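Residue numbers (our numbering), protein chains in the order written: chain A, 1 to 248; chain B, 1 to 365; chain C, 1 to 550.
Fair warning: there could be bad hints in the mix.
Anything over 12 Å on all C-beta distances counts as not near chain A; from chain B, calculated [what the hints assert, rightly or not]:
#: 1; residue: Val-50
#: 2; residue: Asp-103
#: 3; residue: Phe-110
#: 4; residue: Pro-125
#: 5; residue: Phe-251
#: 6; residue: Gly-305
#: 7; residue: Phe-322
#: 8; residue: Val-335
Only part of the chain C face toward chain B is listed, based on derived beta-carbon distances under 10 Å [unchecked claim]:
#: 9; residue: Gln-226
#: 10; residue: Ile-343
#: 11; residue: Leu-356
Computed footprint of chain B on chain C; a stretch qualifies when at least three of its residues, placed anywhere within it, have a C-beta under 8 Å from a C-beta of chain B [stated by the list, open to error]:
#: 12; stretch: 361-369
#: 13; stretch: 475-488
Since the hints were derived computationally from the structure, they do not count as laboratory data.
Just so we're clear, the structure is a prediction, and the values are computed from it rather than from any experiment.
The C-beta atom is built at its ideal place from N, Cα and C for all residues, glycine as well.
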Amino acid sequence: MNPTTALYINGLNVRFGGFAAITDLTLEIRYGQTRALIGPNGAGKTTLMDVITGKTRPDSGEVFLDRTLDLTVLNEAEIARSGIGRKFQKPSVFEALPVSQNLELAVRRGLGWSAMVMSRLSSVQHERIDEVLETIGLQQKRARKAAELSHGQKQWLEIGMLLVADPKVLLLDEPVAGMTESESERTIELIASLRSPDRAIVVVEHDMEFVDRVADLVSVLHEGRLLGEGSMQAVRTNPKVIQVYLGR
Amino acid sequence: MPTAAISLRPSFRISSQLGLPALLVCVALVLPLFNAVFPPGHPLHLSLFVVNLVGQIMCFALLALALDFVWGLLGVLSLGHGIFFGIGGYVMGFHLLNSAYADTQVLPDFMQFMGWSTFPAALQPFAELPVAVLLGLMMAVLVGGVVGLAAFRSRINGVYFSIITQALTYALMLLLFNNDLGLGGNNGLTGFTLLAGFDLAHESTQVGLASLSAVVLAAVFFLLRWLALSSFGQAMVAVRDDEARLRFLGFRTDRIKLAAWCLSAAVAALAGMLYVPQVGIINPGIVSPMLSVEIAVWVAIGGRGTLIGAVLGAVILNCLKFWLSAEIPSAWPFVLAGITLLITVALQNGLWGGLQQLRALRATA
Amino acid sequence: MKSLFDRLRGSVRWRCWLQHVLIACLCAPVLQAQAAMPAQERLSIVVSICTDPGSYRSAMDRVVQVVVGTSPEDADWGKTFLERLQAVALICREQGGPVFKVEHGHVDAVTLEPVTDAVDELPMVPTLVLARLLKNSQAETELFSPDVLTRRAAAQRMSQAYAQINEPLVRLALSKAADAEVMETLELTLAKRSLASESADLRVGAIRAMGSAPSEGTRTLLKNYQEDRPDMGPGERAALTQSLSQINRVLWVGKAASIIFSGLSYAGVLLITALGLSIVFGLLGVINLAHGEFIMIGAYATFVVEKWLQAHAPGWFDAYVFLAIPFAFVVCALIGMVLEMTIIRHLYKRPLETLLATWAVSIALIKLVQILFGSQNVEFITPSFLQGGVQLYPALFVTWNRVFAIALALVIFAAAYALIRHTRFGLLIRATTQRRDTARALGIPAPSIDRMAFGLGSGLAGLAGVVLTQIASVNPSMGTSFVIDAFMVVVLGGAGSLVGTAVSSLVLGEVNQLIEPFYGAVAAKVAVLLLIVLIIQRRPQGLFALKTRG
């Protein structure tokens, strides 16, 4: 581990019944990095995200935030409050609420319910929301119900909901899935703009062009194991990776 | 053409306009007074019977509000709110037994049948009205808390939760029907005479009670509405629509659910407390599984998630029920069944929700 | 609740039968010898009574043996003799032989032929001793009466006068008893007699014998004996303690088995009900609150069949349950399919609305049945082949109707299982449950499968109703409490899983039966709920969920 280590995963093992989803996985992600996780379906990418965010408990192995915070003993809400934001594969926003209220909820980050009843948002928080709306390009739509947004807009809103809380770690699960060309382009720009020395970004994607443009490092997963790691170039020419993707 | 305006899912539709609720409140407050203000014989005079009916319906509307808060906003369908209604009702019953005994020095019938010669110590804490009310609310919150904690921690949701609340209701009903417990058994608690010094048989007391019910209904309605429009309400809606997402945003969703649930239980118990002095009796039938489902039907028909809809549904259906039970008793189940089927199949957003949709349509057209 | 006819509980206790047959065989030759010389024997008996008080006892014994063990005419003579003697109508003449006074004259006491000469002597009045012996002898002969009720009453009297009984005779009566109650009373009588014996060995022997013939009766007997005799010897005391513990153990096992058995019949009905619910919920995601009403309709369909057969084909009456099975199934399946077509189909993927809609249907159905049949309990006549039961073990009396219910439940489950697992239809259902979209893509007509599966589920509920008619009360609201239990089964066992449904119905049925008699229905329900909440926490999909990593 390193002073700039954000996420440290060591010797992770996850089994569902007889099925080994993740086997002996070791991974380190640093602040300032954008890491791409690629691999065929069933390789364990989403499971890895589930473990990090507390949705699934591993059978063995370590998962640490900032080298000291053990994520395997915290629940989902606690992990989220500690600074890890996750964007789901399927856009998960609150369809019944307007865009601005989605963000208002997100910025409160799980205050106690009495505080929620009583308190108003501070001006700092209001500014933050405005900033984020600007970044994700939904200023005009702030009063619209989230249900009325297009697929791509919902994805951006979801990213925005994570951003308002200024996360240390951003986990993005297939952020451009189902998007049009222009939407993908916007998203690439958005994610690229999120890079910061205090933030680590992990992206799961199948779109290789996207990965190329967005990621610093690529980790390849296959059948629950780490197949290879390195720059996009290195991974592309790795014989094992080629075999997995092109071989069988 | 913004078709999304006609969303099929119940959305967050509590309007910030006060017009309609204020109107309804005025009507509710004024109605019972017609009995007192206008003399008998005057066309606007309402007989005591009608006023009493109005009071009872107010209580049912309060009960429906409690359920809509937790179903329409939070997304948790409880088919066991009769439990809390019953708790409030029985506690008020205990208090009234105390005051009747203090008044007449005669033990209630069921105690005499059990061979008791003195007023049981277990019921004496309910002698003072404020204490009784407080105890009743606390008991409801306690029971609700236990059930909620067990269920929400175990992530029991949706239909499974509803079935379990039905089973609990059934169990409580069986418990109350037991004649050996000293809680009145299948005859329930009766023989009430005084409430806070007022004679229950007296006309003005009943009018007062009906008015009180209306006032409480109005107050609770505005309280719940304020909560719903606050960020707590936002969080509740978020829990309803995507609890997992909210958890991943850092919210402790089971606490949100527990808080809303306990509040709902308290409101339902309050409704029970107001109900019992107006009907003069409380028996285990109030905790029947069937009545608890009926409450959900009122809310569904009125339009869930709107709070006003719950009140409307309770009022309309109970008026219908009282009228039909007097005229053609055996028709009521069929009428209720028919309306329920109509609403669930065709008018999913209920009457009030349907009206809102019409208005939205007209606004965008 | 149940008809009067099944109060008759004929049963056969085969355990001690052999023992008594043996004794009867030993006694029989002795009695045969008596039959060889009736006339002299009769005279000798009458003369004894007339002349020798010291021989009363043996004379009475001999009379009884005549009644019991010889030809019918001798038996008649014996009975007449006893009856006349009791009626103070025996005249012991100095000359001419003893006569009986009858209504219009006298008959010879030996031949029973009318006697024409005048009789001036007065009849003999039996002494107190003789009177008592007469009573006993009456009872002894009644032990062999063809009427079972007479035999039972006689056995009771024997039991009260256990100290004076004629043991071999009682054993003979025991072997010919052919009725459980008589046998039990007589055995207890013999045991009491042995317990009162002077000889310690005999007593110990009796105690041991009772230890190996456990019943509530022997336990009470031994317990009373223990209290009455604080001064018994060590050997006797040891035998007593051992016998008592033996009896207690056996009775406890029997009681436990009895509870488990009654839990089984309840579990069986629960199984069929939950099966239907599980298929419907697993496939359609429909929580059908009207499922209980299908049970009720099935029960009333059985009633209709019963009444129809009673009126039009009484010879076939006993088979009404079997005929009701297909009838109830078809009726309920049809109603179910209509329900699916008109209502459920529109509420696909909206479980909470489906819940309310099916609730609406259920209240309408209950009211309809109330109007058609009235709201009071409906009486069913148990078919003759299901009446009564068998005592399998001490304290375990197994009634045939419950056995039938269990057997029927198992057969239906097996049939449903075979249908789901081994037929094409079942395969289609399973495929559509697990992956609806893929199934549709493969051309499987999901809507039709839905309708038929709903029909199947409702039909199964109807069958549960048929079974229930034999073991529970039938009225329009019978479905409501049952359906809550059935839902608990589905929640616990996992929707859509057959094995899960079977296991959890067994578990919940037994838990219910184990707790309810001791702590009441409320505690049973609460216990079940707690169990479910605990298990759901660990496995939210139920014990054997069909969908796993969903």
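Each hint, compared with the structure:
1. With a least beta-carbon separation of about 39 Å from chain A, Val-50(B) lies farther than 12 Å from that chain, consistent with its non-interface assignment.
2. With a minimum CB-CB distance of about 42 Å to chain A, Asp-103(B) clears the 12 Å threshold, and the non-interface call stands.
3. Taking the minimum C-beta to C-beta distance to chain A, about 43 Å, the non-interface status of Phe-110(B) holds against the 12 Å cut.
4. Distance to chain A confirms Pro-125(B) as a non-interface residue, since its nearest Cβ pair spans about 30 Å, more than 12 Å.
5. Its closest Cβ contact with chain A, about 4 Å, brings Phe-251(B) to no more than 12 Å, contrary to its assignment away from the interface.
6. Look at Gly-305(B): its CB is around 9 Å from the nearest CB on chain A, not clear of 12 Å, so calling it non-interface is violated.
7. At the 12 Å boundary, the C-beta of Phe-322(B) stays outside the reach of chain A, the nearest C-beta of that chain being 35 Å off.
8. Against chain A, the non-interface label of Val-335(B) holds: every CB pair exceeds 12 Å, the least being about 32 Å.
9. For Gln-226(C), the interface hint is violated, since its Cβ never comes within 10 Å of a Cβ in chain B; the closest pair sits about 35 Å apart.
10. Hint on Ile-343(C) holds. Least Cβ distance to chain B is approximately 6 Å, under the 10 Å limit.
11. Because the smallest distance between the Cβ of Leu-356(C) and any Cβ of chain B comes to about 5 Å, under 10 Å, the interface hint for this residue holds.
12. For the stretch 361-369 of chain C, the stated coverage by chain B holds: 5 residues have a C-beta nearer than 8 Å to a C-beta of that chain, and at least 3 were required.
13. Here the stretch 475-488 of chain C counts 5 residues with a CB under 8 Å from a CB of chain B, which clears the bar of 3, and the coverage holds.
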